[in-house]
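There are 2 protein chains.
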Amino acid sequence: MIANDDVVDIWTIVVAAGSGSRFGGPKQFFDLRGERVVDRSVRIAAAHSAGVVVVLSAEVLEETGPSRLTPGSSTRVVVVVGSDTRSGSVREGLAAVPAEATVILVHDGARPLATDEVYERVLLAVAAGADAVVPVVPVTDTIRRRSGGVVDRADLVAIQTPQGFRAEALRAAHAAADDATDDATLVEAGGGRVVLVDGDSDNMKITDPSDLEIARLLLARRGETP
Amino acid sequence: MIANDDVVDIWTIVVAAGSGSRFGGPKQFFDLRGERVVDRSVRIAAAHSAGVVVVLSAEVLEETGPSRLTPGSSTRVVVVVGSDTRSGSVREGLAAVPAEATVILVHDGARPLATDEVYERVLLAVAAGADAVVPVVPVTDTIRRRSGGVVDRADLVAIQTPQGFRAEALRAAHAAADDATDDATLVEAGGGRVVLVDGDSDNMKITDPSDLEIARLLLARRGETP
Numbered sequence: 030m031i032a033n034d035d036v037v038d039i040w041t042i043v044v045a046a047g048s049g050s051r052f053g054g055p056k057q058f059f060d061l062r063g064e065r066v067v068d069r070s071v072r073i074a075a076a077h078s079a080g081v082v083v084v085l086s087a088e089v090l091e092e093t094g095p096s097r098l099t100p101g102s103s104t105r106v107v108v109v110v111g112s113d114t115r116s117g118s119v120r121e122g123l124a125a126v127p128a129e130a131t132v133i134l135v136h137d138g139a140r141p142l143a144t145d146e147v148y149e150r151v152l153l154a155v156a157a158g159a160d161a162v163v164p165v166v167p168v169t170d171t172i173r174r175r176s177g178g179v180v181d182r183a184d185l186v187a188i189q190t191p192q193g194f195r196a197e198a199l200r201a202a203h204a205a206a207d208d209a210t211d212d213a214t215l216v217e218a219g220g221g222r223v224v225l226v227d228g229d230s231d232n233m234k235i236t237d238p239s240d241l242e243i244a245r246l247l248l249a250r251r252g253e254t255p
Numbered sequence: 030m031i032a033n034d035d036v037v038d039i040w041t042i043v044v045a046a047g048s049g050s051r052f053g054g055p056k057q058f059f060d061l062r063g064e065r066v067v068d069r070s071v072r073i074a075a076a077h078s079a080g081v082v083v084v085l086s087a088e089v090l091e092e093t094g095p096s097r098l099t100p101g102s103s104t105r106v107v108v109v110v111g112s113d114t115r116s117g118s119v120r121e122g123l124a125a126v127p128a129e130a131t132v133i134l135v136h137d138g139a140r141p142l143a144t145d146e147v148y149e150r151v152l153l154a155v156a157a158g159a160d161a162v163v164p165v166v167p168v169t170d171t172i173r174r175r176s177g178g179v180v181d182r183a184d185l186v187a188i189q190t191p192q193g194f195r196a197e198a199l200r201a202a203h204a205a206a207d208d209a210t211d212d213a214t215l216v217e218a219g220g221g222r223v224v225l226v227d228g229d230s231d232n233m234k235i236t237d238p239s240d241l242e243i244a245r246l247l248l249a250r251r252g253e254t255p
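These protein sequence lines are chains F and X, in that order. In my numbering, each residue carries its 1-based index in the first sequence increased by 29. In my numbering, each residue carries its 1-based index in the second sequence increased by 29.
Just so you know, the hints here were simulated from the structure itself, not pulled from any lab data. Worth double-checking, as some hints may not be accurate.
For chains that are exact copies, the list does not tell them apart, and a pair is met inside one copy or across any two.
[What the hints assert, rightly or not] Calculated lysine to any residue pairs in the SDA-like style (CA-CA distance at most 25 Å, straight line):
#1 Lys234 x Ser103
#2 Lys234 x Asp170
#3 Lys234 x Gly178
#4 Lys234 x Ala154
These numbers come from a predicted model, not from an experiment.
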């Protein structure tokens, strides 16, 4: 367990700057049992952080405002406008993280089902000395290259968030690079030590409307009331 | 559309020989809205085939019998006992497919949501000259190698079933090889021409109890009554 005293130097960047054009609206703002997807993501991040930087698109910020992004605790919440790319949005978020933060988490706003346990595993691995920590789950599908040949799935894992970083390592990686799908890959490319920890099969990314229904089902199974 | 007259030479092997030890029972025999998972898989296969060979484990066959595996049409249904490995079970199934079959489909018994459209796409591609046809969907997760480095997911696809084969190509591949995760890979290794067609994101494989709940949800969305 990470005690409350320990979160003083932990900040989380919640990236929710996507336009959501894939299904007619920013998916992070759809309702999940009475709460917007991103609000839930921020609320859980806030429980593990001294502060949360929420990265939104300019359109969303204009339309909905940051008002609901207040988890009602002592955690500071800062809202910034993102960029066209995920990496660009992380950099905008990084710029708003106070210099005294020593640990920075990066979390997808579209992953509202991240559990406290996943946060704990990531934070413990950073505390133990990793430069970057990535929660992963096994790949259950059989995977093939379009160009031919099955890929050995025993060597493959699917990446989740929150990812955790020694703050200096993340800042250095983003200062050196232009773009990447994945922040840990940036750190690794710079010679940083990346550690994998167990993610959670329920910690899904909401990418289409059926994912929202599945997320509602998974929350109901946890016994959470709406 | 594949007309009824055209299915005369098409046989489907439904592989359901797994012990299902992952969650305390053969997953193919769990209830999905009043119908066992495997029964639904067989019923849909039967609509596209002159005959279906269902491959079961000896334990399951002894316990439940083949009685419910009768789709109530003119399609012939043959039940055989499988093997410890998937490839072995396919070979047992192949041995029961009549020599006059010119097209053989291989389908996972644990994929009860395969649509008619996926069957049609696979069969049309076989008719157009492929040795093996694999329905695939894009990989939506970010994938990493345990040993380090993100894998370019644009080059990756997740493999589904039904897979379709020119009967001779499948028989030759299984005669030559001992084992494989994937039948199309066997055909490819033997120099056969493999064609990828679009699968369906709903065409999931039931691997744990939450998958069953998701499958029920997806069926409800299609407007199918239990």
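Evaluated hints:
| no. | hint | in the structure |
| --- | --- | --- |
| 1 | Lys234 x Ser103 | neither (27 Å within a copy, 44 Å between copies) |
| 2 | Lys234 x Asp170 | both (17 Å within a copy, 9 Å between copies) |
| 3 | Lys234 x Gly178 | between (28 Å within a copy, 21 Å between copies) |
| 4 | Lys234 x Ala154 | within (23 Å within a copy, 33 Å between copies) |
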